[in-house]
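Enquirer: Each chain, letter by letter, is given below.
There are 2 protein chains.
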Amino acid sequence: MIPELERVVEQIAALPGIGRKSATRIAFHFLKQNQEKVEDFLTSVTQFHSKVEYCDECGALKSRHLHCSMCTPGQRNETLLCVVEQPSDIFAIEASGEYNGLYHVLMGALSPLDGIGPDDLRLASLPARVHKHPALQEIIIATNPSIEGNTTANYILSMMAEFKNLKFSRIASGLALGSQIEYADARIISQSLRARTVLE
Amino acid sequence: MIPELERVVEQIAALPGIGRKSATRIAFHFLKQNQEKVEDFLTSVTQFHSKVEYCDECGALKSRHLHCSMCTPGQRNETLLCVVEQPSDIFAIEASGEYNGLYHVLMGALSPLDGIGPDDLRLASLPARVHKHPALQEIIIATNPSIEGNTTANYILSMMAEFKNLKFSRIASGLALGSQIEYADARIISQSLRARTVLE
Numbered sequence: 009m010i011p012e013l014e015r016v017v018e019q020i021a022a023l024p025g026i027g028r029k030s031a032t033r034i035a036f037h038f039l040k041q042n043q044e045k046v047e048d049f050l051t052s053v054t055q056f057h058s059k060v061e062y063c064d065e066c067g068a069l070k071s072r073h074l075h076c077s078m079c080t081p082g083q084r085n086e087t088l089l090c091v092v093e094q095p096s097d098i099f100a101i102e103a104s105g106e107y108n109g110l111y112h113v114l115m116g117a118l119s120p121l122d123g124i125g126p127d128d129l130r131l132a133s134l135p136a137r138v139h140k141h142p143a144l145q146e147i148i149i150a151t152n153p154s155i156e157g158n159t160t161a162n163y164i165l166s167m168m169a170e171f172k173n174l175k176f177s178r179i180a181s182g183l184a185l186g187s188q189i190e191y192a193d194a195r196i197i198s199q200s201l202r203a204r205t206v207l208e
Numbered sequence: 009m010i011p012e013l014e015r016v017v018e019q020i021a022a023l024p025g026i027g028r029k030s031a032t033r034i035a036f037h038f039l040k041q042n043q044e045k046v047e048d049f050l051t052s053v054t055q056f057h058s059k060v061e062y063c064d065e066c067g068a069l070k071s072r073h074l075h076c077s078m079c080t081p082g083q084r085n086e087t088l089l090c091v092v093e094q095p096s097d098i099f100a101i102e103a104s105g106e107y108n109g110l111y112h113v114l115m116g117a118l119s120p121l122d123g124i125g126p127d128d129l130r131l132a133s134l135p136a137r138v139h140k141h142p143a144l145q146e147i148i149i150a151t152n153p154s155i156e157g158n159t160t161a162n163y164i165l166s167m168m169a170e171f172k173n174l175k176f177s178r179i180a181s182g183l184a185l186g187s188q189i190e191y192a193d194a195r196i197i198s199q200s201l202r203a204r205t206v207l208e
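Chains as they are written, first to last, in the numbering used here: chain P, 9 to 208; chain U, 9 to 208.
Possibly wrong hints are sitting among the right ones.
Calculated cross-link-like contacts (lysine-lysine; reagent style DSS-like; alpha-carbon spacing at most 27 Å) [unchecked claim]: (1) P:LYS45 with P:LYS29; (2) U:LYS45 with P:LYS40; (3) U:LYS172 with P:LYS59; (4) P:LYS59 with U:LYS29; (5) U:LYS172 with P:LYS45; (6) P:LYS29 with U:LYS172; (7) P:LYS45 with U:LYS45.
Hints are computed from structural coordinates only; laboratory data are not their basis. What you are looking at is a predicted structure, and each value in this text was computed from that prediction instead of being measured.
In isolation and in its complexed conformation, chain P is listed as follows (with noise of 0.2 Å):
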């Protein structure tokens, strides 16, 4: 193999759910297109590396210089917040037309087995996000039908007990165990946030 392609495919295959095989048929696709298209390509790459980043106050992705569409006053439902693992989380939740209210996201779930804790999360700023937002009555606890996201679930049910005025709920999980929200189809999605429970 020539070293350029040797090396493309190499980056390529580095991208998640992408092997050696598909990398060089992707390699090979570059190659058909003219200038122009690639670098299209490489520009929407580099705009959206440097011109976007998450949000201070809820983690969710903003293009920066921008105020986040998702905290900005008057535009949401301010008597809920849904707390997710990634932003990702938001788009999907977003899509299925389902919910209007604020978010929080984690960047995570507890993981003990891969050394997550709760320092390693956006956990310590929720209260603090409680008290900002006066009209909240309830937290939507939105993490992944997993062990983890259970996990987490339960973590927060605990850490939040002085909010006795706030009713915790989680989405049912219509969704299997061990699957991902980011993937979830939005019908799943919507009958999951329709379908919540009330945690005790």
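Following the hints, position chain U against chain P.
Expert: Frame of chain P; chain U shown alone:
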């Protein structure tokens, strides 16, 4: 969705074999990488696209400004010439370790339904290549075991009828009908090269 994400997901989803959900996952993967890693990726694509070209002689991929390693005299067994559809087929065949002869890339296969006729392929230069290699004894036709690949094999056999002294063979299809050489196992390719049958 924010515009930079929308754009990069659209670009990634346009790559072969990648849907919108995988594209979103890859975009988030980029976001997790540091500047340097993302630049390594982008540079590898740019370098590949700008520094790689097809050899005028055999049609294989080569680094620009370098001689084609498949055409350098004395490097390969010049009694054998293997005809393939795509430059990427060469890598699959080389990986089998079963073959050390010359190559001739057609850049496709005959497909009347798609409007691909003999003039759209690198067929016209095939007789000239035979004349250029007096040691040549056998032409192995390694087009895909598909209707188009088989049609192309038959076409080559009739257009090369003048070369009475050459043996023409077709790789055996231990490969399932309709599959593609590019994605086949090295062992299957190995076996189909060994079991090639002489065409009469």
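Enquirer: Hints first: check each against the structure and report whether it holds.
Expert: A quick look at each hint next to the structure:
no.: 1; hint: P:LYS45 with P:LYS29; verdict: holds (22 Å)
no.: 2; hint: U:LYS45 with P:LYS40; verdict: holds (25 Å)
no.: 3; hint: U:LYS172 with P:LYS59; verdict: violated (65 Å)
no.: 4; hint: P:LYS59 with U:LYS29; verdict: holds (21 Å)
no.: 5; hint: U:LYS172 with P:LYS45; verdict: violated (47 Å)
no.: 6; hint: P:LYS29 with U:LYS172; verdict: violated (39 Å)
no.: 7; hint: P:LYS45 with U:LYS45; verdict: holds (22 Å)
The structure is inconsistent with the numbered hints 3, 5 and 6, although it conforms to all the rest.
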